[in-house]
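Engineer: Here is what each chain is made of, one letter per residue.
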Amino acid sequence: MLASPHIEVTDLVIRYGNIAAVGPISFAAEAGKQLTLLGPSGCGKTTTLRAVAGLEQPVSGRIRIGDRTMFDGKAGINMPTEQRGLSMVFQSYAIWPHMTVFDNVAYGLRVRGKSAGEVKELVGHALDLVQMSAYGGRSASQLSGGQQQRVALARACAFSPTVLLFDEPLSNLDAKLRGDMRIELRELQHRLGVTSLYVTHDLEEALAMSDTILVMKGGQIEQAGPPAEIYNFPRTEFVADFVGSANLIRGRVRGDLATGDAIAVETRGGQIVYGTAHGRATAGEACLSVRAVHFSLGRERPAGERNIWQAAVHRSVFLGDLTQVHVTWGDREVVVRQSGMQLWEDAQPVWLSVDPRHCVLLEPN
Amino acid sequence: MECDDRPLVPVAATIEKRPGAPAQKLVGAAVALLAAAFVLYPVYYLFQAAFDVGDPNVRPPEAYGLDNFALLPNYSEIMLNTLGVAVAATVMALVFGFVIAWILTRTNVPMRAALEQLMAVPYYVTPLLGALAWALLGSPESGFINQLWRAAGAKEALFDVTGPIGIAWVMALFEGSVAFVMISAVMKSMDPSLEEASQVIGASRLRTMIRITLPLVAPGVLGAAIYVFAEMLGSFSAALVLGSPNRFYVITTAIYQLVSQYPPRLPLAAAMGVSLFAVMFAMIFLYRRITAGRSYVTVSGKAFRPRVMDVGTLRWVLFAVCAVYLIMSVFLPMATLLFASVQRLATVFPKPSNLTLEHYTTALSLNAVRSAMGNSLLLGFLTATIGIVLTGLLAWIIQRSRLPGRNVLEYIVMFPQAVPRLVFAFGMMWAWLVFPLPVYGTLWILLIAYLTVFLPLGVRTISGVLVQLDKSLEECGEVCGASWFYRMRTITMPLLRPGLIAAWLLIFVASVRELGASILLMGPNSKVLTPAIVEAFFSSSSELTAAMALIQTVVVGAVMLVFLTVSRRAARHGA
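Top to bottom, those sequences are chains W and C. So for the first sequence, numbering that gives the first Met the number 0 puts the first residue at 0; every next one is plus one. So for the second sequence, numbering that gives the first Met the number 0 puts the first residue at 0; every next one is plus one.
Bear in mind the hints are in silico, worked out from the structure with no lab data behind them. If you're wondering where the values come from, they're calculated on a predicted model, not measured in any experiment. Do not rely on the hints blindly, as some may be mistaken.
Each computed BS3-like pair below joins lysine-lysine, with the alpha-carbon atoms no more than 30 angstroms apart [as the list claims (entries may be wrong)]: (1) K24/C to K73/W; (2) K154/C to K470/C; (3) K73/W to K216/W; (4) K187/C to K113/W; (5) K154/C to K119/W; (6) K32/W to K24/C.
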């Protein structure tokens with residue numbers, strides 16, 4: 000196996016006409032790891048990916064893969080896509096309808112001038128990998144969505160690329176299939192050891208598959224880090240909200256109650272909420288983020304001193320795996336998600352509590 | 000997965016310095032420059048001639064001025080004729096198009112699918128054939144219909160197809176099918192839930208029609224109206240065949256008259272051409288503004304299944320409306336030509352002794368006709384074949400490439416659409432007379448002319464297929480490492496095949512039947528068929544003309560059939 004290179008993007012700027020679409024952004028994907036660009040539609044994640052592939056031309060910045068420069072605005076280097084030696088799975092799959100499954104997968108190998116014998120062998124391997132060996136002779140237009148997805152994957156892997164780009168490859172599949180493919184893709188990525196860039200707007204997909212996540216908004220990187228870091232310690236209100244809905248609690252920092260990383264915030268209603276600064280600077284006003292699943296509700300007052308309040312159930316909604324409870328707490332409403340089927344009556348008084356470690360200080364806007 | 004220790008691509012250092020793909024840029028630039036030269040060079044000379052106020056025999060012009068345009072008010076009668084015919088024809092064509100589009104998209108008229116297919120046929124019959132046939136049917140003295148009318152006891156002719164209304168009628172019959180295609184596309188793309196929403200809220204059918212349906216289709220119909228009007232202003236063949244024998248001129252036939260008379264008045268003709276061009280250009284510009292800047296969401300690119308109204312027994316009446324249109328524009332003209340071509344002297348009540356095939360034998364034995372036929376087919380074949388390569392590349396550059404200036408290129412390529420072919424040919428004649436290559440009066444100039452005037456046709460047809468192709472199909476080939484030529488050969492061309500075949504056929508048919516450009520540009524040794532048919536109409540008998548027109552139709556049909564069969568077979572063998 001050829002050693003997979005790392006990808007390094009520096010000060011990349013992409014414009015559509017006069018509109019700045021992306022940047023300037025910088026990031027690096029480690030060799031053999033998966034980096035995911037996560038964000039809502041229009042945040043520039045696909046544009047960034049396409050720039051790495053050479054399908055969009057940036058205005059300035061630098062893109063390097065391994066020790067080869069793909070794009071350098073200053074030096075005037077812009078390597079054509081076909082010479083970048085990477086591979087990509089498209090959102091629409093882009094299965095060529097006028098070819099058989101075999102010919103689709105063989106394309107990259109034939110471009111590289113492999114002999115007929117090699118092509119046959121490698122296409123066989125690639126189709127095995129995605130469990131589509133039985134479909135080689137099938138015309139590509141006769142495949143279901145999930146099958147097309149697998150063929151697209153086999154085609155992208157067949158010529159042993161060292162860099163794989165994914166542009167929302169699962170977004171056209173139904174929920175069940177998406178869940179299965181997520182795991183398969185992750186395993187495949189590990190097995191092949193390729194460096195991958197993955198674009199998605201789906202949080203679970205990003206959390207399940209990535210080594211590193213970049214959350215993007217408006218062409219800028221909001222936060223970068225491993226999935227657990229992104230989920231547990233969102234940096235900004237946007238990340239807290241986009242990466243799994245979070246309750247935001249605003250208030251005044253009470254320096255007198257703080258000890259080290261532990262801080263306290265007094266809300267306008269006068270409640271004291273203890274939280275963790277996660278090494279971030281505290282200022283006069285602060286905002287804490289609390290995941291809906293981290294709140295607890297109980298009929299009895301739990302043991303302990305901190306972060307326990309009286310509140311009232313406003314409405315509870317049964318969601319299957321979870322029950323979502325809207326709780327009126329002082330002059331605000333918080334959303335609590337509980338596993339299990341405990342149903343609450345409207346207006347029922349409850350004790351609301353949360354571990355201070357789960358109340359994370361956000362950086363000021 | 001198999002391991003491979005060789006680098007997947009050539010070593011970076013050797014290729015890093017090369018920006019972009021040179022093959023693509025080179026081919027793109029060459030094609031773009033060629034197309035731009037083809038279009039702009041004649042236009043430049045057209046303008047030069049229009050502003051030439053010196054001795055017309057001295058080139059380049061000695062002096063420039065507006066004198067030629069100052070003469071135009073003397074021809075105000077021709078301008079009024081043109082305007083009157085164009086307005087009347089546009090109104091009629093829109094009525095045909097709108098009514099039939101509504102019937103075929105929104106009612107349960109019988110045999111809807113078949114009728115919709117048949118609605119394309121008038122386009123293939125062409126206004127020239129229609130005019131030749133309607134001249135036989137409706138000329139005041141000898142027209143078949145007027146003969147019948149008199150036989151039924153009337154003193155006067157029922158109608159006169161050689162007058163302005165008659166000319167407009169014939170033009171409208173054939174442009175009606177274009178209006179139909181445009182308006183039915185608008186009606187089909189309207190989301191039926193917009194109307195359903197109105198009815199659910201409680202509006203009556205009539206109210207829904209007036210408040211919702213009409214405002215939604217109005218921009219599309221207006222667009223069609225402007226487009227059709229521009230076409231009518233520049234149309235030539237019906238006015239030439241029906242109007243010029245009795246000295247009724249519109250601007251295109253007047254230009255032709257000024258160029259072909261002795262001595263020719265070329266600068267005046269050029270000034271008329273430029274004026275016509277300016278008006279048509281404004282119309283087309285307006286049309287593009289209306290269709291492009293439409294804020295209505297009726298055209299969402301999605302094909303909806305429009306709601307079909309059950310009209311009860313009225314459906315047979317509506318069926319009759321469509322049938323009458325098709326009879327008037329297709330069956331009656333073709334039958335008339337056939338009927339006339341087998342008589343010694345065409346009359347509506349032939350004696351058996353009057354029947355003959357001699358016109359066919361004459362037509363086929365005339366050297367002029369045979370060489371014209373050969374030339375036309377050769378030109379059609381060359382134009383279509385070179386044309387799809389040229390327009391295919393242009394369509395790709397405009398729609399897909401990242402080459403700079405491709406928007407400008409689109410405007411240049413679509414330019415000939417705004418210029419009547421006769422006017423364009425005038426510019427070419429003027430341009431190539433001074434060009435150092437001796438192409439004037441040969442088949443070469445006709446080939447160049449056809450390639451130029453049918454650029455919009457080819458580019459539009461192929462672009463229509465190209466924009467429906469998912470862009471990532473090509474990008475994926477790029478990512479897989481395929482060069483531009485390799486991608487073109489293995490992905491783009493095979494996927495574009497239906498568009499290329501359609502474009503080949505359209506360009507072939509249009510070239511073989513081209514009149515406006517050919518009539519000015521053909522030389523004594525480079526005759527082509529359609530102008531030869533018109534010549535026969537003016538100088539020989541209308542029976543011989545009918546035979547020639549039918550021979551042309553049959554030959555064109557046969558070539559189309561052979562081409563379709565061959566290309567289907569080739570597709571099946573994966574060639």
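Engineer: All hints are to be evaluated individually against the structure, with a verdict given for each.
Structural biologist: Evaluated hints:
1. Simply put, K24/C and K73/W have alpha-carbon atoms about 22 angstroms apart, close enough for the 30 angstroms limit, and the pair holds.
2. Restraint check for K154/C and K470/C: not satisfied, since their Cα atoms lie roughly 67 angstroms apart, outside the 30 angstroms limit.
3. Restraint check for K73/W and K216/W: satisfied, since their Cα atoms lie roughly 26 angstroms apart, inside the 30 angstroms limit.
4. A distance of roughly 49 angstroms separates the Cα atoms of K187/C and K113/W; the hinted pair therefore is violated under the 30 angstroms criterion.
5. The hinted pair formed by K154/C and K119/W fails the criterion: a straight-line CA distance of about 85 angstroms is larger than 30 angstroms.
6. Between K32/W and K24/C, the direct Cα distance comes to roughly 36 angstroms. Violation of the 30 angstroms bound is thereby established for this hinted pair.
In terms of the numbered hints stated before, the structure departs from hints 2, 4, 5 and 6, listed from lowest to highest.
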